[in-house]
Each structure stands twice: as C-alpha cells, then as structure tokens.
Amino acid sequence: MTTYNDFVIRFANVNGSGSASANGMFAKALFRMGIPVATRNIFPSNIQGLPTWFEVRASEKGYLGRREGVDIMVAMNAETYEEDLASIVPGGFLLHDNSQGGDRRLNRKDINDLGIPLSKLVQSEFEDPKQRQLFKNIVYLGALSALLNIDFEIITGMVSAQYKGKDDLIQPNITAMEIGRSYAHDYMDSPLPIQARASEGVGNRILIDGNAAAALGAIYGGATICAWYPITPSTSMAEAFEQHASRLRVDPDTKRKNYAVIQAEDELAAMGIVIGAGWNGARAFTATSGPGLSLMTEFLGLAYFAEIPAVLFDIQRAGPSTGMPTRTQQADLLSAAYASHGDTRHPLLFPASPKECFDFAASSLDLADRLQTPIIVLSDLELGMNDNLSEPFTWDDERCYDRGKVLSRESLEEISEFGRYLDIDGDGIGYRTLPGTHPTKGAFFTRGTSRDEYAVYTESPEAYTANMDRLLKKWDTAKTIVPTPEIVNGDAQAGIIYFGTTAMPMDEALDRLSDDGIHLDTMRLRAFPFGEAVEAFIDQHEILFVAEQNRDAQMRTLLVNELEIDPARFISILYYGGFSISADTIHEQILAYYTDHNLPRLKEVQS
Amino acid sequence: MTYVSKPEIHHPLLKVNEIGLNRRNYEGSVSTLCAGCGHDSVSAAIVQACSELSIPPHRFLKISGIGCSSKTPSYFLGNSHGFNSVHGRMPSVATGANLANRDMYCVGVSGDGDSASIGLGQFAHIVRRKINMLYIVDNNGTYGLTKGQFSATNDLGSTSKKGAPTLYSPIDMVSIALQIGAGFVARSFSGDKRQLVPLIKAGIMHKGFAFIDVISPCVLFNNHAGSTKSYDYVREHTEHVIDADVVLPHEEITVDYEPGTSESVNMPDGSRLHLNKLSNDYDPFDRVKALSHVQEAQERGEVVTGLLYVSRDPHDCHEILDTTDIPLNALEESVLCPGAGKLADLNQSFR
Ligand SMILES: Cc1ncc(C[n+]2csc(CCOP(=O)(O)OP(=O)(O)O)c2C)c(N)n1
Ligand code: SF4
Ligand SMILES: [Mg+2]
Chain A
1 MTTYNDFVIR
11 FANVNGSGSA
21 SANGMFAKAL
31 FRMGIPVATR
41 NIFPSNIQGL
51 PTWFEVRASE
61 KGYLGRREGV
71 DIMVAMNAET
81 YEEDLASIVP
91 GGFLLHDNSQ
101 GGDRRLNRKD
111 INDLGIPLSK
121 LVQSEFEDPK
131 QRQLFKNIVY
141 LGALSALLNI
151 DFEIITGMVS
161 AQYKGKDDLI
171 QPNITAMEIG
181 RSYAHDYMDS
191 PLPIQARASE
201 GVGNRILIDG
211 NAAAALGAIY
221 GGATICAWYP
231 ITPSTSMAEA
241 FEQHASRLRV
251 DPDTKRKNYA
261 VIQAEDELAA
271 MGIVIGAGWN
281 GARAFTATSG
291 PGLSLMTEFL
301 GLAYFAEIPA
311 VLFDIQRAGP
321 STGMPTRTQQ
331 ADLLSAAYAS
341 HGDTRHPLLF
351 PASPKECFDF
361 AASSLDLADR
371 LQTPIIVLSD
381 LELGMNDNLS
391 EPFTWDDERC
401 YDRGKVLSRE
411 SLEEISEFGR
421 YLDIDGDGIG
431 YRTLPGTHPT
441 KGAFFTRGTS
451 RDEYAVYTES
461 PEAYTANMDR
471 LLKKWDTAKT
481 IVPTPEIVNG
491 DAQAGIIYFG
501 TTAMPMDEAL
511 DRLSDDGIHL
521 DTMRLRAFPF
531 GEAVEAFIDQ
541 HEILFVAEQN
551 RDAQMRTLLV
561 NELEIDPARF
571 ISILYYGGFS
581 ISADTIHEQI
591 LAYYTDHNLP
601 RLKEVQS
Chain B
1 MTYVSKPEIH
11 HPLLKVNEIG
21 LNRRNYEGSV
31 STLCAGCGHD
41 SVSAAIVQAC
51 SELSIPPHRF
61 LKISGIGCSS
71 KTPSYFLGNS
81 HGFNSVHGRM
91 PSVATGANLA
101 NRDMYCVGVS
111 GDGDSASIGL
121 GQFAHIVRRK
131 INMLYIVDNN
141 GTYGLTKGQF
151 SATNDLGSTS
161 KKGAPTLYSP
171 IDMVSIALQI
181 GAGFVARSFS
191 GDKRQLVPLI
201 KAGIMHKGFA
211 FIDVISPCVL
221 FNNHAGSTKS
231 YDYVREHTEH
241 VIDADVVLPH
251 EEITVDYEPG
261 TSESVNMPDG
271 SRLHLNKLSN
281 DYDPFDRVKA
291 LSHVQEAQER
301 GEVVTGLLYV
311 SRDPHDCHEI
321 LDTTDIPLNA
331 LEESVLCPGA
341 GKLADLNQSF
351 R
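In order, the protein sequence lines correspond to chains A and B. Numbering-wise, my numbering puts 54 at position 54 of the first sequence, and it's gapless, one number per residue. Numbering-wise, my numbering puts 200 at position 200 of the second sequence, and it's gapless, one number per residue.
These are calculated hints, taken from the structure and not from any lab test. For clarity, every value in this text was computed on a predicted model and none was experimentally measured. Hints may contain errors.
Unchecked claim - Below are the EDC-like pairs computed for lysine to aspartate or glutamate, each with C-alpha atoms no more than 16 Å apart in a straight line: (1) Lys257(A) with Glu239(B); (2) Lys257(A) with Asp322(B); (3) Lys255(A) with Glu302(B); (4) Lys255(A) with Asp103(B); (5) Lys207(B) with Glu319(B).
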C-alpha cells in the first residue's frame, strides 16, 4: 500500500560536507508541492568533521512536531552508521553509498536497502575532488526525487534560482541531479511505497526560521539598535536583523542607515548598549542564549529598578557552553523570570511559531516602552534555527507604536511639577523624559532605587518600600496587557498547560490521546505574568498536566509560585534530552498517568 | 512701566556666557564626597568648561559607572539627564545612548577601579568604537567607595594607607587609550584647573572618543607619603607637554600662552583647537611617539600631563556605521516600519 505525504526522512552527514544546501532544497521542494513540512537540524558544536543530521517530516495532517522513528535514512556518515541504522522503523528504507558493493543492512534485515554507488557516479562525471564531494549530495537529492516522486522541475527551478547569475554552477548541479534520478529510475524500485504528491496542505503558509521571523518583527516594531554577542542558537537573529535592515531600513536618498548594529565585546556590553539606547529613547534589543542571559543579569536588575525599556531574545539551548549548546530546551524560564539581584521579575513572552516570533518581536518593543522594563522573549533552538511552517506575517498599517509615557517638550511646559517616579495614573507606571527634551524641565538623574519619586537621592526605608510596592502595582498592570493564553475549552475534566515549542507536537499527541479515550482541554501560555484567564483555566480543571522541556518543571514552579496553587495539582510531563519534545513522549506519559491512577477514559465510560 | 536696574555682576560665577547662562546654570546638586576629594575639583572643572563652551546644559548626557567618581555626575549639569549605571559598564551604556541620539554631547565619568579593573574590557572596546564622547577617569589609585583597596592603576611598590605595597604592575589607561587608537588622549591633575578646564573643553568638542585620565587624589585613602597619586607626589613629579584651548568659531583668538610654538587644529564644528607647546620636542599628532614618551616618563617616576595626542583626522562611530544624520530615537514610525505592502512581498519570498 502506498502512503502519501506522511514520512520522516533523516539525512546523516558529516559537518562541513556541503550537505546543508541539498537537504534544504529537498525540504523546500516538498513545501512547494504544498505538503506541510517541518525541518530539524541536529548538529554538533563543531564546524567541520563531526556528525550532523537533518530531519524532514512531511505530514498531510499537518503534524509538525518531532516524531520518533525514521522512515527513510540517508546514511552518509560512516561514523554514525550503526546508530543511524538502528533508528529506522521496521519496513523503512536505508539509502547509502554502495560504491564498495554489498548489502549494508547488517542485522537490520527488516528494512529495505537503497544502495546507490554515489562515489562511483560522481567520480566518472566530475574531475574536481571538491565538486565530487559536493555533488554526492546532489546525486542523492536527484535519486530521492525519483524514489519519492517529487516534482523534478520544482527542484531544478530551485537550483537555477539559487545560483542565479552563476550560470556555470547551474548546469553541473542539474547534471548531478539527473545522474541520481536516472540511477533510481533504472536500477531501483522507483517510486517507493512512501511518496510525495501535490497537496493543498500548506495553504498560504510560509517556511521560515523563528530567528529570521523575530528579526523582521523587530524591524517592523521599530527597533533601531541591535547589540549582540555571537552565541548559538541566537546568532542568526542578529545577523538576520542586519540583513533585513540593510534592505528595509536604508534612507532612499542618502543610502545611509536608519539603524545601528553593534557586535559587542560580550553580553554584558550588549545589554548595556540596549539599556543606554532605551534610556535615551531608541528601541533596542539584544539576542542571546542561556550563558549570555547569565551575564546580562546585573544589567537586567538595574533596568528593572531604574525602569528602562529593553528587549532581550533568549533563544534557549541546553545548559552551559560545554553542555549541549546545539540542542534545544525550555530551561531558562526561571533564570529569565527572576533574573538578577533583589526583588526582580520580568515579563516573558513565549512564541510558538515564526508568526508569533514576528508578532512578539514587534509587540515586545511596545510592551517595553509601555511598562518601562525589560521584556524577555523566550524562543528556543527548535523554533529559532529550523525552518518552520508558519502562518504568513501580517501588519496593520493603522497600527501605531505604543511609545509609552514619554513627556514631550510641550507637555513639560504644561505641567507644574515633574516627578519621574510619581504614580499619577494609578497603574504603577510613571512618566519619563528623554534627554535633551527641555532646557530647564524634566531632567533627572537615573539610578537604581536610592531615590524618591522625584528621582532625588534618598536611602529612606519609606521611599524604598513605597517604590517597591509601586513596582508590584506595575506588575499587576503587566498582567492585563501581555498576550493572553490560547485556550481550547471543551469542558473536559483534565487540561494540559504548555508553551512555546511544546505546542509543535501537541495536536498530534492530543489526537492520539483522544483515540485512547483521553480528552484534554488545552491552554497554551503566551506570556508571564499570568493573567485572569490562566487562573480561570486552572480553577476549571480537576486534573492538570504541565508539559515542558526541562528537568525541573520550571513552568510548574512559576505557576505554583505566582498563583499560590497547591503543587500537587500539577502533573509534570517532561522531556529534557536535547531534541524537541515529541508527540510520542507526551502521549506515553499522559497515558501512563491515566493507567497508573486508574482514571476513567471516555471509551470505557461509554462501553 | 517701571524700570528695575539689573544688579551689577561682580562674581565670576555669575558672568553670563554667550547663551545668557551663568556658571550656576551648569552646576548640579551639592556634593556628598569627602571635603578635599579631587573628584570635586574635576566636577568644578567640568562646570566651568561646559559653561565656557556655551552649550545648553540640557544637550549633555552624563553617564557613569559605580564609585565615588561615578557619583559625581550628580554634582554638575543639574539640567542634564544623568545615568549612574553599573560598575565598570559605563562604556556600553554610553555607547547605547550615543547610538540613540548622535546630537547630544556626552560626558562619561568613571574611576580607576571602574575602568581599569572590572570595566577594562568595556573601556578597550569603547576606544575602538570611537563613540563620540568625553570619557574622564577620576584616577585616585584606590577604590574610594569600598574604602581604600588597591586599584590596578597603582604603581608597583606604592603603598596603601597602612603601608602595604602594591604587588602587581600597574595599568596605565593613557597608554591603553593611545595603543588602541583613541583620537584624543590627555592626562591632567584635578588640582590643575588651568590645564584641566581647556582639556575638558577640547575633549567635548573633539569628534569621536576623547579620553582624559585625571589624577584625582583620594584624601581619605590615597593621599599619604607612599602613594604616587597623592597631591604632593603629583605636584612634584609632573611634566607638562601640551596645553590646549578651544577657540570657538566666533570668538576672538585671545589665547596667549607661555613661550614656545603653537599649532591649531580645525574641529568638526568649525571651532579650532589651539595647542601650545611647552616642551619643545613634543609632537601631539604623533601617536607612536606619544606612547613612548608616556612610558619613558613612567620609568622615571614622572607623570606627563597635558594633551598627549590628538588626531588630525578624527572619526566617530556614527561615521563608521554610516548612520543617518537624524538621531535614531527621532525617526518617525513611517520611516521605521516598512508597512503591510512590503510584508506581502516578504511573505512571498518565504514561499
Ligand atoms: C558588580 C559590583 N562589584 C563590586 C561593587 C562594589 N564597588 C563599588 S565602587 C567600587 C570601586 C570603585 O572604585 P573606583 O572606580 O576607583 O571609584 P572611586 O570610588 O575610587 O572614585 C566597588 C568595587 C559593585 N558596586 N558592583
Ligand atoms: S573616599 Fe576618597 S574618593 Fe571617595 S569621596 Fe572620599 S576622598 Fe573622594
Ligand atoms: Mg578610584
């Protein structure tokens, strides 16, 4: 029986062997055929020589989370061969270079052998050793197009577009692809029973990585300054910002830049630059990952107390620099929420798709200005660095930036007295002034908390306490303006709470659970602090699962701590192995809970 | 109509500058530093310099790190915004502030602990980036605010108040600034107003990064016999190289210094920097010679003061980045946001 548009293919390559572009084209071809795809780069902290994997999941149903088990393995790395072989599902396919001859399935006779003499084929066609290496990737791409029945013209079209202007590169690439394609046609059972076919599944969606999306959102949101220090997986966000800005933010007449990007000397400086810029009225952001966040915490504290707008993107990865820096996790939650010294708390945003990276990048700049405080957007490697299917970006031209409470020269003229930290509106947010606004009014000296409401130096306990209490009031205001959770409420007894990329496999997990008679209401958290809707959802459900990608159940801690809820009410669904959480994990853990606790399932009730 | 005759102006503080302000308009709140602290003299020199330059006080940014020295921006330019930031990190905050609005003058004040220890990395990098600002280090060879620990600018063997000698070699901020390529490098002494005020004026008018290392004795912890940053030591071991004065475009050239040749440099706004050579073999345009001159003097236990180096062709970070003339914080939403139409094209490019 042939199945269409439902497979996981994994390419096992050696880092630096030039496979990325061929693999990327493969995924894009499926996407252009209208098939929903998800891509995952699994790469080492290394530039050349170590193993790297690229996984593509095609799913007509639109299941885009990670799924265990590989249907087709393109095994191009001798070093990981055995491990790669083991990951293939029974009945799956192994594509490999059989130039040395022989069936290389070893003990896996339950899988199908797709041997192609890649080295021999390139050897006879190309002279240059470098080309030979590169075109091996292109040959297997050609073979796959035949095996999976991928529209060949889509791929050749992509080659022509990719090498536009470098015509001498187009022909050899197409030749290499044709070699693979004819080999598969002539010597293999093409196409396979696993196939691709044109679909309407993609609709008008786009394929983009979360970091590029966030960078574009920052442009649309009016960020003019980006200060950063290279760290995987956040680097591509700063680079994308510069790239987008060089096209979208250049003065049409003078050709000069309406933005500034500074690659700082470290993350402390990156955050300092953002804070200096925010203090002086420019929208600024930085992008980093866990270790960088650690270095920025002193500045985050100052910005919290001195009430300075700032935006920080933390593209989370697994632990320290010698942890698993190229793997994904949601494990910076607590260190971001309470970053720094003293009583500090920071609003967090949890994007779950490139569209939300775009939206939250723009709205975080508004929130930072409105709340006069750092806003941390918690993305992760899974979302940030992989091409993800996403709703297209939208922008309302009627929308106006919310620059928050900033007094102009005219309003300074009108008011009788200015007090930077006076809570005039009762929302805990004072009015600020920007340097240079007025010759005699509105200047103030910015420091932490050793000041009164007029920004005059004091170490009085009353002034300190009053200020700290006002900051709490501001926190309450934040609850009412940060993005609300996405809730699907079907009056189930149990609910599941999750956020960020844990959303990716959720639909699939829920469908599988529902097949098992377990129906869950869902709440996808989109921001911290938690507003009323979050509390209501928790109140409404007897059994509550919290799914997240860290060991210590950090979101659960945050919910327990902030909403003063009995910890026993939350059941943790955890995965922290460094890949993204799969539907299998969520499904198995919840099923096990139901079984262990003899909880009724819908099917049983009905029977 | 009644005529009230204006009171006659006697006091020099009340003499008005070209924009009708007197020195009081450039002062800040009352200092809370120790009586006799060198840092207060530096603040006073900043007040005088800014007033003489006739720049409206609200056009300045004052940024500092943490320390007694870093508190001082409270004590000058009360009508300017100031930011007492994080220990050792003033350079990054100043960088962000300057990127946000290139039209503001920026004065940064730091200490030797702030800039030569915890902030040495940021100091080096702000020099490289040529942020348009005057960066002053109130150098007292000690951590005043944490009560007298050694700082990294202490000369080897100089002693603490209790007599313990410094064990490690010193960091000379001036040499570092010269080496990395600051466009304006000077050293002065808080007790030498005649030299310091013109240097501050020149530093403010300099385009790009201007650095002044001001030896500024700490009367509490570093003004004793074994210290090389005490009032007495510095007075006895100073060699003046170059005096400077800024001559504003519309001002008569009235500078008249001691004998020796003089040179003038055009400043970006049309004003001229007037240099007066006191030491015949000193060339303030030669960075490499300046570096060796400073280091040779250091070997002899002498402190060279004055304008050590000024670039004939100064640049600043905005020029390097090629940012627009309009301050980034003043760009309109219509300029910043590419709009929905453009976004439709962008979406298409991701298909
Ligand atoms: C991160 C951090 N570490 C330590 C301190 C404590 N501290 C405050 S001021 C200071 C030294 C200041 O020395 P310097 O910059 O020379 O200024 P001075 O007081 O001598 O003018 C230190 C270590 C701090 N504020 N922050
Ligand atoms: S301790 Fe030293 S540096 Fe600090 S105020 Fe007193 S004299 Fe000045
Ligand atoms: Mg000091």
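Now for the hints, and whether the structure bears them out:
{"no.": "1", "hint": "Lys257(A) with Glu239(B)", "verdict": "violated, 45 Å"}
{"no.": "2", "hint": "Lys257(A) with Asp322(B)", "verdict": "holds, 6 Å"}
{"no.": "3", "hint": "Lys255(A) with Glu302(B)", "verdict": "violated, 50 Å"}
{"no.": "4", "hint": "Lys255(A) with Asp103(B)", "verdict": "violated, 20 Å"}
{"no.": "5", "hint": "Lys207(B) with Glu319(B)", "verdict": "holds, 10 Å"}
When the structure is compared with the earlier hints, violations turn up for hints 1, 3 and 4 and for no others.
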